[in-house]
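Engineer: Note that the protein sequences, when read in sequence, are chains A and B.
The numbering used here puts the first sequence at residues 1 to 343.
The numbering used here puts the second sequence at residues 1 to 343.
Keep in mind that a hint or two might mislead.
In this list, chains with the same sequence are indistinguishable; a pair is considered to hold if it fits within one copy or across any two.
Unchecked claim - In silico DSSO-like cross-links for lysine-lysine, where the CA-CA straight-line distance does not exceed 27 Å:
1. Lys136 to Lys185
2. Lys272 to Lys185
3. Lys322 to Lys247
4. Lys301 to Lys195
5. Lys152 to Lys307
6. Lys259 to Lys322
7. Lys259 to Lys186
8. Lys322 to Lys186
9. Lys136 to Lys186
10. Lys152 to Lys46
None of these hints come from the bench; they were simulated from the model.
Now for the letters of each chain:
2 protein chains.
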Amino acid sequence: MDARTEISSLGEFGLIDHLTRNIELRNASTILGVGDDAAVIDHFGKQTVLTTDLLIENIHFDLTYTPLQHLGYKAVVVNLSDIYAMNANPTQLLVSIGFSNRFSVEAIDEFYEGIYAACEKYGVDLIGGDTSSSQKGFIISVTAIGEVRPDKFVQRSTAGQGDLICCTGDLGGAYLGLIFLEREKKIFLENPEIKPDLEDEKYVIGRMLRPEAAKELIDFFEREDIVPTSMIDISDGLSSEILHICKESALGCVIYEDKIPIADETRNAAFKFELDPTACALSGGEDYELLFTVKQEDYDKLVLNEKISVIGFMAAPEDGKKIITRGGNTFDITAQGWNAFTI
Amino acid sequence: MDARTEISSLGEFGLIDHLTRNIELRNASTILGVGDDAAVIDHFGKQTVLTTDLLIENIHFDLTYTPLQHLGYKAVVVNLSDIYAMNANPTQLLVSIGFSNRFSVEAIDEFYEGIYAACEKYGVDLIGGDTSSSQKGFIISVTAIGEVRPDKFVQRSTAGQGDLICCTGDLGGAYLGLIFLEREKKIFLENPEIKPDLEDEKYVIGRMLRPEAAKELIDFFEREDIVPTSMIDISDGLSSEILHICKESALGCVIYEDKIPIADETRNAAFKFELDPTACALSGGEDYELLFTVKQEDYDKLVLNEKISVIGFMAAPEDGKKIITRGGNTFDITAQGWNAFTI
C-alpha cells in the first residue's frame, strides 16, 4: 500500500458510496440493496435463515498476521458456514464495520475486496450494513441471510439414536495454523530481523486465515436427496459441537479416533509442535467444516462423497458421550472448545 | 446493583442460556429462534425488510449517564425506526454484544431488560445474536427484520415534485438532551459533590436516552390507506434527511421554519443553552421521527393526525433545497448532521 487516503476526506456517506460503488446483485430475491433505510428481499415460497457474528480485533483476529483481504473473506465465510449448517443456501449479507483513524480508505478497500470475493464465490449479495468510527481497533459484524424450502432446514436437536455421525473435510488444521502464526509473531517481536518461513505450513495457515464454507455438501445433499437428521458447523472444535448435538437431541454418542479426518499437513505441523493431532481436531476451532448425522440407510449414498467421513454414531443417552481411541481405550468427550471468556 | 456475578462463572454458552431463558415469541413467522446455528422465519407472501446498526461505547453512547436498560431499549428502537421508515412492520431481531470484564452478569441483564422491554412494546421476537468479550468497552450490533406487503415498501428515491413534506412528533429534543447530559457530566467530573438536577430537562433527556420509534404512523398509514411517496427516519437531523430524499429523488425542496415542530420543553432548553431551536432540529440528531412525502391529495387525511406536521413541499431540481425563515428570508439547506468521522 503506497497511497493513504484518510477516511475523513470522504465522510461517512462518501465512504459508503465508495465501498458499495461496484456492488453486483446476483439473486432475484434481492429487491432493494444498499442505499435506503433498510434492504428488501423476497422469498418465493421459501423460508429465511438468519445468523450473525461479531468479530473484534485482538479477540477474534490479530492484524499483525492477518491480511485485511483474508479477514473480509473469513468474516463472510464464518457466517455462511452457519447458514449451510441449517441445510440452507445463503443469499444476502449485511456487513457493519467500526474502525479507528489508524485505518486508511485503502485498508478498508482491502477488507472489502475480501468481502466481495466471498460474495462472488458463494453467490451472495451485500445488501446493507453500517460504518462507524471506533476509539480503538477494528470491529466487524456480519449478518447472513439464507433461504431454505419449508421444513427442509436441519436443527441440532433432531438426531436419532443409531444415526451415523459424519463430518466434512479435515479437522485441526486451523488451530495449528493459529499456533504457528502466534509463534512466528512472538519470534518477530523479539527479533524483527528474522523473516518467517511460512512455506512449510502453507496448508494449516490457509486453513486459519482463509477458510471456506461447506457449500459443496449442501449441494450434494440436494442432488442425492439426503436430509441430515441434525447438523452444526465446527467452529469451536469437534468435541464442543458433538456435545451440542448430544445435549439438544438428548442422546449419547460414540466417536472413533481413527475415523476423525486429519490432513497429513496438519499431522506434520502437530508433530513439530509436539501436539496431539486428535486433540487439535477435538478442541481446536475455526475449521468451519460441518458435523451432521444421517440415518443408517443413507450410508450407501454418503460413501460416494470422498469429502465425507463417518466418524461414529449416536448412542442411547445412558451410554454417555465417548471417544474410542486407536489403542482401544474409551474416554469421555469433554468440551474444551474455545471460550472467549476464560482465555 | 449489589450482587456482582462474573461473566466467566457462566461461560459463553451459559451466558447465552441465561440471557435467553425467558424469551417469548410473538410472531407466527418466527419458526426457529435462539439456540441453533441460525434462526428461521417464514413470510406468508410478504417481503422482508432488513437493517443493521453498530453502536460503540464512547462513539455512540456514554455509560457515565446512560443507564444500561435505556441503552438496550434504544439500541432496538434505532433499528425499528429504520424498518418503519420502509413502511414495514418489524417482526424479529438479532442482537450481538461485545463487552470487557468490567461488566458483570447483572449489568448485562440490565441491558437485556431494555432489549426485552422494547421487544414487548413493539411486538418483535429476539431470534439470535452473538456474545463476545472485548478488550475495551461495550459494542452492540443489532439487526432488525420486518415484513411488508410486496410493493408497499417506501424508498427515499420516489418523492414527486409538488409532494408535501411531512414529519412526525417534534424535533431537536434529543440533541438538547445530549447537550444537557454532557454539561452535567463535565460539572460532575470537576466536582463530584454536585448532584445534577435533571427534573427540569426530563423531556429532552428522555428524548435522548429512551426514544421511541414511530410505529403509530405506520399503523395510521395502513388504516387510512395512505402510501407515502418517500420516507426516511430522522437520525442525523432534518437537514441531512431531507437532502437524502432530494438527492435520491433528484428534486429540490422548500421547508418553512415556522412549520418545523419543536416542543416547548425543547425551546426552553435551547433558550437556556443559548442555542437556536431550529438549528437543533435541523442539525441535531437522534430524534427517530419519520420524514416523508405524500401526494397533495392526501392532505385531508393527514390533518386528522395531530402527530403529523406538514413542513414544506418538494420543488423542481433547479429550485434548490431551501428553508424560508420566520422572518421571510430564504437560505440553502446544508447538511450538518452528525458525522462520526469528523467529530
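Engineer: Just pull the numbers of the violated hints for me, sorted ascending.
Structural biologist: Those not satisfied are hints 4, 7, 8.
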